[in-house]
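Chemist: Fit chain B to the given chain A structure using the hints.
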Amino acid sequence: MKETLRVGIAQMHSLLGNVDKNLEKHIVYIELARKEKVDLLVFPELSLTGYLLRDIAYEIAEDAEEALNEIVGRAEPMCIVPGLVREARTGIYENSVAYVCGGELHGFYSKLYLPDYGLFEEARYFRAGSVADARVHEWREWRVGSIICEDAWHPEPAELISRRGADVIVIHAASPIRGLYGTGDTPPERVWEAVAVTRAVENASYVVFVNRVGPENEEYFWGGSMVVSPEGEVVARARKMEEDFLVVDLDIHSLRTARRFSSYKLHRGDVHEALAELR
Amino acid sequence: MGVLPRLNVERVADYLARRLRWYVRDYAGKRAGVVGVSGGVDSAVTAVLTARALGPENTYLYLLPSYSTPPEDIEDAMYVVEYTGVPEENWERIDVDPVVEALDARLGGMTRVERGNATARVRMIILHQRAYRHNGLVIGTGDKSELLIGYFTKYGDGGVDVLPIGGLYKTHVRELALHLGLPERIAYKPSSPRLWPGQTAEGELGVGYTVIDQILYLRFERMLREQEIAARLGIRLDTVEKVVGLVKRSQHKRLPPEVFHVGMRDLGSDWRYPREWF
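From first to last, the protein sequence lines stand for chains A and B. Read left to right, the first sequence gives residues 57 to 335 (the numbering used here). Read left to right, the second sequence gives residues 20 to 297 (the numbering used here).
Just so you know, not all the hints are guaranteed correct.
Dumping the calculated BS3-like pairs for lysine-lysine here, alpha-carbon to alpha-carbon at most 25 Å [what the hints assert, rightly or not]:
{"id": "1", "chain 1": "A", "residue 1": "Lys81", "chain 2": "A", "residue 2": "Lys91"}
{"id": "2", "chain 1": "A", "residue 1": "Lys77", "chain 2": "A", "residue 2": "Lys91"}
{"id": "3", "chain 1": "B", "residue 1": "Lys267", "chain 2": "A", "residue 2": "Lys81"}
{"id": "4", "chain 1": "B", "residue 1": "Lys267", "chain 2": "B", "residue 2": "Lys173"}
{"id": "5", "chain 1": "B", "residue 1": "Lys49", "chain 2": "A", "residue 2": "Lys77"}
{"id": "6", "chain 1": "B", "residue 1": "Lys272", "chain 2": "B", "residue 2": "Lys261"}
Derived from the structure by calculation, the hints contain no laboratory data.
Only chain A is shown next, with the shape it has when bound in the complex (with noise of 0.2 Å):
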């Protein structure tokens, strides 16, 4: 395995709806991200086709398609994962991500968990992913995974992956702000960085959370990406608010560490088993 892997966070501003101008963004931070020779550049969740797009999400994944298929023929010497809405069947909709490794596309995990509560409205939007697609992906000798949002809510999809293999966890999100009362953090910045750390930590994994920024309807995503190591200590944040790109190496010694002196080596197969059998 290499000792490193570079990771880029392109913790963008999508527009709603506009996959061309997406698009040209997605280009300029890929060509940031080979200067800077990352190996993995994540976006947010949804990014070439913008969140909060409600009867749009009917008529945009062709665009998406055909967006998609310019980032696969840019044939870059990286893997790249950008978010989209897909036509899963022939008018069935997922919330999904995309890998595109080295020119080749991969292929995609679509969300498990759909939010229906508060301004969410997926679930009328959208079919669930199947946890078949919760694939690990090898790039550079490194095993990546991708959840989106609402996913890492709950510990089971970051714990499938990990299982499957993954040493990093992606997580693709598009959290908007609320509740700005108060000092300091919001309640949705602080749960977000306690969700990322315990992730990180009960994998003993590397976590990328990349969210999205800026406003979209009535909401403003917060931005704030960052990496948490395995041992669950946040290496890298991205600006709040504000358009940003993170580039942040990835430590093998940093996993090592922290499998040695963890209980991630041991798996209850048996605590899912009565997990199952519960609503």
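Modeler: Below, chain B alone, put in the same frame as chain A:
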């Protein structure tokens, strides 16, 4: 403040200015922001935020007094004009009474409330005309308390392009005003639409914003039952019911007019396109 949490004023000031800049420039593709400045706290805060967001040179402030505007409001509005630092050619005083009187004569006399609403709508017409001239948007000054209880004139002060402080209770607007460096006499001025002499919000509503804001917060952000709100605030249940009743009855003022559905897909519940639709 009572049960209302304090506002994170530093972040909110930055956040609102950032959003307003994007909304005017990138979303709407306009240059300027136009604000009607009354001398009250809402318009003072909105004017300062607009100048921060777009620059004083792209901010236009209008004093639109009527016979019921007290002199101290005009002085305070002038203070806001100076405080925001807009250039001389970016502010103007336009007295609205001649227009309202012409309407009154043509319509054969209006009641006090009719005249008050007409005054608010005349101001709206003036602001939109100036916004068009300056390639700008009309930046609304309504706060969350007023929007929720419906304490505004439909298509009057409600007839604006964007509501940057629509997420702030009146209590929070006052906090933000102090943070933005506005004087206490403006920050804590008793709220009033001044649509007729002596009109105050508290006089008309029978309860002050300090209490209203706590009721609104507990009922709609914390989703407590009305009896519990009364108990927590140590107030009468009928006060809570009155405020909640205002919110319910004014729902029509906050929504686009209803369209009766005929086709397979009409405006309203199954027309779910986002505001940003590029």
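Chemist: Taking the hints in turn, state whether each one holds.
Modeler: Now for the hints, and whether the structure bears them out:
no. : hint                  : result
1   : Lys81(A) x Lys91(A)   : holds, 16 Å
2   : Lys77(A) x Lys91(A)   : holds, 22 Å
3   : Lys267(B) x Lys81(A)  : violated, 44 Å
4   : Lys267(B) x Lys173(B) : holds, 15 Å
5   : Lys49(B) x Lys77(A)   : holds, 19 Å
6   : Lys272(B) x Lys261(B) : holds, 18 Å
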